[in-house]
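Each chain, letter by letter, is given below.
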Amino acid sequence: MHELSLASAIVDTVERHAEGRPVRAISLRVGALRQVVPESLEFYVEIVGRDTVCEGARLELEVVPALLACCGVEWEPPSFRCPRCGGGGKVVAGDEFMVESIDVGGRSTEPNRPKEDAACIART
Amino acid sequence: MHRTYVKVLEDVLDANGTIAAANRADFDRADVTAVNLMSAPGAGKTTLLERSLRWLEGVRVGVLEGDVASTLDADRIAHLHVPVVQIDTDPGFGGECHLDANMVRSALPSLPLDELDLLVIENVGNLVCPAEFRVGEHHRVMVSSVAEGEDKPLKYPLMFRACELVLVNKIDLLPHLDFDLDRYLQNLDAVHPGVERLLVSAKTGEGVEAWREWLVRAATREAVPA
Ligand SMILES: Nc1nc2c(ncn2[C@@H]2O[C@H](COP(=O)(O)OP(=O)(O)OP(=O)(O)O)[C@@H](O)[C@H]2O)c(=O)[nH]1
Ligand SMILES: [Mg+2]
Ligand SMILES: [Zn+2]
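Protein chains in written order, with this note's numbering: chain A, 47 to 170; chain B, -11 to 214.
Worth double-checking, as some hints may not be accurate.
Said to hold, decoys possible - Here are the simulated DMTMM-like pairs of lysine to aspartate or glutamate, each with C-alpha atoms no more than 25 Å apart in a straight line:
1) B:K(-5) to A:E106
2) A:K136 to B:D(-1)
3) B:K(-5) to A:E61
4) B:K191 to B:D(-1)
5) B:K(-5) to A:D141
6) B:K(-5) to A:D58
7) B:K191 to B:E45
8) B:K(-5) to B:D16
9) B:K191 to B:D139
10) B:K(-5) to A:E146
11) B:K191 to B:E201
12) B:K143 to A:E85
13) B:K143 to A:E88
14) B:K(-5) to A:E120
15) A:K136 to A:E120
16) B:K143 to A:E108
What the hints assert, rightly or not - A partial selection of chain B residues facing chain A, derived with a Cβ cut-off under 10 Å:
17) L1
18) F15
19) C85
20) D88
21) N114
22) V116
23) L142
24) P145
25) P181
26) A198
27) E201
28) W202
I should point out that these hints are in silico values taken from the structure, not numbers from a laboratory. No residue lacks a Cβ here, since even glycine has one placed at the ideal position from N, Cα and C.
Input sequences plus hints: build the corresponding full structure.
Written out as structure tokens, the structure is:
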């Protein structure tokens, strides 16, 4: 849903680190709490990345499962409520959204998909 | 195959965060409390503002309208005789589904910050993207209308967790809807345990006084119950 916005932020981040070199692969860590649909993110990175160093780059996406902690216990959503005290708990893992590394070793030969209208479909 | 890795280890939203911090510094310098008001389209953000911003007990309030597609909401707010500025940044790629820190930054010069105590930023109606992009606000508040169904907190935990106050709006419709308020509140507590909530109707005005009091407390920087 909001993958288009995030794709732009990813491409911006990568551009700042690529120093003009064409990027073959982008390695991302995305927490499960970020509500990102991987296929959709891939699709938008490809569109937003056109005519940038990211053109044709492959997305290597690692989804980090969510983990919460409170009162000495750890648990997984859907409930964010501490099973002991009923409080909110602390997010131990699952809210990260990080570009880990990029691969700038040579050119990708993967063909591009045809250009599509990329109007924001994120309105819900 | 030859691979050359460059370590990046950068949060994707760092760039937005840097600009948000600059906005925040500007708000603090001018002693303005900024509130980012978020919701799904049509939950009642503008109507609530129309109801609540008039005569706010000496609090000088301004509004930043994030509806980038039209000036309809800004026109409605202008009737209240409070300074209102429409974000007129050309929305970037996909940018019209939320406000980001840079869009707000570009609008700041048009606002008389020094003459304000409170700035309400009405975000674009969207239940996902705005939760990801901080704009330099002190408080994030969401409007969630009972017309949207009880399951929304479970479906959009990102937004419901991002805010510190949930305005449950359109409660005047409860008698006509198949909406289980208790279940909704349970769902809310499941994703954001104990989050402050106010039941309101922008239409009848029920509960709006409590929201106005919340705004006054926020503007005068009294401790707002988290
Ligand atoms: N019955 C009822 N209708 C309401 C209430 N609050 C708002 N509405 C109606 O809901 C519709 C949308 O309200 P807006 O205030 O424009 O909603 P918004 O969140 O600003 O919408 P966008 O800015 O377009 O996302 C309007 O027709 C309002 O009259 C309420 O408390 N009760
Ligand atoms: Mg509105
Ligand atoms: Zn606990």
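Here is what the structure says about each hint:
1. B:K(-5) to A:E106: Holds, at roughly 14 Å.
2. A:K136 to B:D(-1): holds (19 Å)
3. B:K(-5) to A:E61: holds (13 Å)
4. B:K191 to B:D(-1): violated (41 Å)
5. B:K(-5) to A:D141: Holds, at about 20 Å.
6. B:K(-5) to A:D58: holds (15 Å)
7. B:K191 to B:E45: With Cα atoms ~21 Å apart, B:K191 and B:E45 stay inside 25 Å; holds.
8. B:K(-5) to B:D16: Since the Cα atoms of B:K(-5) and B:D16 sit roughly 35 Å apart, the hinted pair is violated (cutoff 25 Å).
9. B:K191 to B:D139: holds (23 Å)
10. B:K(-5) to A:E146: holds (6 Å)
11. B:K191 to B:E201: holds (18 Å)
12. B:K143 to A:E85: holds (19 Å)
13. B:K143 to A:E88: holds (22 Å)
14. B:K(-5) to A:E120: violated (31 Å)
15. A:K136 to A:E120: holds (9 Å)
16. B:K143 to A:E108: holds (22 Å)
17. L1: holds (6 Å)
18. F15: Nearest chain A Cβ about 23 Å off; hint violated.
19. C85: holds (4 Å)
20. D88: holds (8 Å)
21. N114: holds (6 Å)
22. V116: holds (4 Å)
23. L142: holds (7 Å)
24. P145: Status holds, d = 7 Å.
25. P181: holds (4 Å)
26. A198: violated (22 Å)
27. E201: violated (24 Å)
28. W202: With Cβ-Cβ at 20 Å, over 10 Å, it is violated.
Violated hints, in rising order: 4, 8, 14, 18, 26, 27 and 28; the structure is consistent with all others.
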